[in-house]
Every structure is written in C-alpha cells, then in structure tokens.
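Participant: Heads up: the protein sequence lines correspond to chains A and B, in order.
Just so we're aligned: the first sequence equals residues 1 to 131 in our numbering.
Just so we're aligned: the second sequence equals residues 1001 to 1186 in our numbering.
Derived from the structure by calculation, the hints contain no laboratory data.
Keep in mind that this is a model prediction, so the values were computed, not measured.
We treat Cβ as the ideally placed atom computed from N, Cα and C, and that holds for glycine.
There may be inaccurate statements among the hints.
[Unchecked claim] Pulled a few chain A residues facing chain B out of the computed Cβ check, cut under 10 Å:
#: 1; residue: G1
#: 2; residue: V16
#: 3; residue: A19
#: 4; residue: E22
#: 5; residue: R23
#: 6; residue: V37
#: 7; residue: S56
#: 8; residue: C104
#: 9; residue: G107
[Said to hold, decoys possible] Only part of the chain A face toward chain B is listed, based on derived beta-carbon distances under 7 Å:
#: 10; residue: Q18
#: 11; residue: P25
#: 12; residue: T105
[What the hints assert, rightly or not] Simulated pairs of lysine-lysine, BS3-like, Cα-Cα distance not exceeding 30 Å:
#: 13; chain 1: A; residue 1: K43; chain 2: B; residue 2: K1010
#: 14; chain 1: A; residue 1: K130; chain 2: B; residue 2: K1077
#: 15; chain 1: B; residue 1: K1077; chain 2: B; residue 2: K1042
#: 16; chain 1: A; residue 1: K39; chain 2: B; residue 2: K1010
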Amino acid sequence: GQKMSLSVLESMGFRVGQALGERLPRETLAFREELDVLKFLCKDLWVAVFQKQMDSLRTNHQGTYVLQDNSFPLLLPMASGLQYLEEAPKFLAFTCGLLRGALCTLGIESVVTASVAALPVCKFQVLIPKS
Amino acid sequence: MAVCIAVIAKENYPLYIRSTPTENELKFHYMVHTSLDVVDEKISAMGKALVDQRELYLGLLYPTEDYKVYGYVTNSKVKFVMVVDSSNTALRDNEIRSMFRKLHNSYTDVMCNPFYNPGDRIQSSPGGPYFLCPYPVQVGPTSCVRSSPGGPYSCVRSSPGEPYSLCPIQSRAFDNMVTSMMIQVC
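Next comes chain A alone, as it looks inside the complex (with noise of 0.2 Å):
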C-alpha cells in the first residue's frame, strides 16, 4: 500500500542521489570531514535540485544532523499550516533518497526520515551511525 510505494519513491531518489554524488562534487577538491559532506547536500546539492540552499543544518556531531527547509518547494505550492499534513510524506519520500543516495555516493551510510511539523517547513534528519 502506501508503505510500498514510498519506499519505491525513496529508492528513485536514491539512484538519482548516486547520479548526483557523483556529478556534482566535479569541480571541489575531497572533502576532509563529515561535516563538510553535509554542508555540501545543503548547498551544493539543494541548490542544483530545488534552487536554493538548506535554511538550517542542526548537529549534536555525533552523527545526527537536522536539516531544515523553511519554504520546501515540494511543498510549497500545498496551502500552508496543517491542512495536507497526512499528504506530505508522498512529497518527502524522494527528497530522503536523493539525500540517502547522495551520501552513500560519497561514503557515507546513512538513514535520512522527513518530518513536517506545518507545511511548508520541513526537516530532514540525517543518521549516520558510528562504526
């Protein structure tokens, strides 16, 4: 049901995250830490898929970080507030394995959820256990 094709949707969003964990790094020289992967997905990556860049990366540099979109452009042509809640994770689905892939490109395993709190603002939380 619902459960099988969001993990459909977050599997497409995976292969196209490979894609562009590949392509878009060309032109940067490695990167030296984790975090600096991370500012790349809320620049780099955000900025070629939705045009602009994340509005807050959160980390307790223990492996979890918290990004946050304010204005989603998935969601932001949905009205705002709590109307579409149930509807949003269709939205985010994708996003999560775009991030998911994109990290897994550049080494890093990873478990990426969504969560809408009110539309359009959404965050993603990024879990990277230690090895």
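Given the coordinates of chain A, assemble chain B onto it according to the supplied hints.
Facilitator: Frame of chain A; chain B shown alone:
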C-alpha cells in the same frame, strides 16, 4: 599514449580494465593491483597532512623500467589508474591530468546512466541484457539516450527495414573515450 587504463571501485575491485591488446594483459592487471597499495598510501598521507584540501590527481604512483603508473581518486573513492609507456617522454603532467579529467567525466556519465547499476562492471560487450526497441534506431558509434514514446532507449546500429531492433544496455561512450586515450595523447 596510455597502454592500460583501469577503474577501481571504492571496495578495491575493478570496474573496468583495458590494456593494449598487443601486450600480455596479466602483466598490466598485476601492475594495477600493486599500484592500489600506493594509492591507499597517498590518500592516507594526504589526509594526515595539514593541507586544506586534498587534490583528486595523485600524480606518478611508481615507475618501472618500461612504464609509469599514474593515479587519480574521485570524491566517491573510485580510483583511476593509468599506465603509460616510459619511452613516451612527450607526455607531460598536465596532459595526464586532462586525460584523468576526461576519464572522470566519462565515468560520471556512466554513473548517471539509469540503466547502469552502481557497482556493476562497466561493459560494452553485447553480452548484457537486451530490450526490444519498437522502431529503427539511429546509427551511431556512441550510446545515447533518446526520449520517445515508451521511454528512453540506447541507440545502436540496426539494419534498415527491421521493425524491431535489439538494443543492448551498454556504456559504449565510456569505451570509446578510453579507446581514444589509448590511440593518441589527448
């Protein structure tokens, strides 16, 4: 002129390796294999140094009496190894760099090919999966993707008059790129 070009995945297995057919292939495979240790050394050495950012081009990995081996690492930890003939003294460093850059661009194109699964071997032999294309396809030496009713297809040669053509899913463009580097200096 390169005599051998190899693409190695981040898990250190070869994704693509090709050498001039006149020489013993195994010798080059062995050289590429031993060069991986040098690549790993260079990566870790650069990581520890207080350099702001590490370059992708690794330079000369090691020379032998007949050949020189050069290396390059992408941000996705995919390594390119190139073996050139030592007697070819005309090849300068920036030419090697530009060859690697072209290789990187071609590899990125392979990665973006939706029919390619990351981690698979990059092959262009017609032994792979096929699909039926319900219209005559354009003749061309490189693979290209065209949108058309029914979705994108790889374009390959087909005989005129055939209602369906068999299109192998392949990365011919990458192969052609490598061929051009082995025939002449870029």
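Participant: Hint by hint, note whether the structure agrees.
Facilitator: To see whether the hints hold, each was checked on the structure:
1. At about 26 Å, the closest approach between the beta carbon of G1(A) and any beta carbon in chain B exceeds 10 Å, and the interface hint on this residue is violated.
2. Given hint, V16(A) at the interface with chain B, holds; its Cβ is 9 Å from that chain's nearest Cβ, closer than 10 Å.
3. The interface hint given for A19(A) is met, as the beta carbon of that residue sits about 4 Å from the closest beta carbon of chain B, less than 10 Å.
4. Because the beta carbon of E22(A) sits about 4 Å from the nearest beta carbon in chain B, less than 10 Å, this interface hint is met.
5. Given the 10 Å rule on beta carbons, the hint for R23(A) holds: about 5 Å separates it from the nearest Cβ of chain B.
6. Evaluation of the V37(A) hint against chain B yields a held restraint, the C-beta minimum of about 9 Å falling below 10 Å.
7. Evaluation of the S56(A) hint against chain B yields a violated restraint, the C-beta minimum of about 24 Å exceeding 10 Å.
8. With its C-beta approaching chain B no nearer than about 8 Å, C104(A) sits inside the 10 Å limit, and its interface hint holds.
9. At about 6 Å, the closest approach between the beta carbon of G107(A) and any beta carbon in chain B falls short of 10 Å, and the interface hint on this residue holds.
10. Given the 7 Å rule on beta carbons, the hint for Q18(A) holds: about 5 Å separates it from the nearest Cβ of chain B.
11. Of the supplied interface hints, the one on P25(A) holds, with its beta-carbon coming within about 4 Å of a beta-carbon of chain B, less than 7 Å.
12. Interface restraint check for T105(A): the shortest CB-CB distance to chain B comes to about 5 Å, inside 7 Å, so the restraint holds.
13. Taking the CA atoms of K43(A) and K1010(B), the gap is near 25 Å; set against the 30 Å cutoff, the hint holds.
14. Straight-line distance between C-alpha atoms of K130(A) and K1077(B) comes to about 20 Å, which keeps the hinted pair within the 30 Å bound.
15. For a cut-off of 30 Å, the pair hint linking K1077(B) to K1042(B) stands: about 13 Å separates their Cα positions.
16. For the suggested pair K39(A) and K1010(B), the alpha carbons sit about 22 Å apart, so the restraint of at most 30 Å is met.
Violated hints for the displayed structure, listed by number in ascending order: 1, 7.
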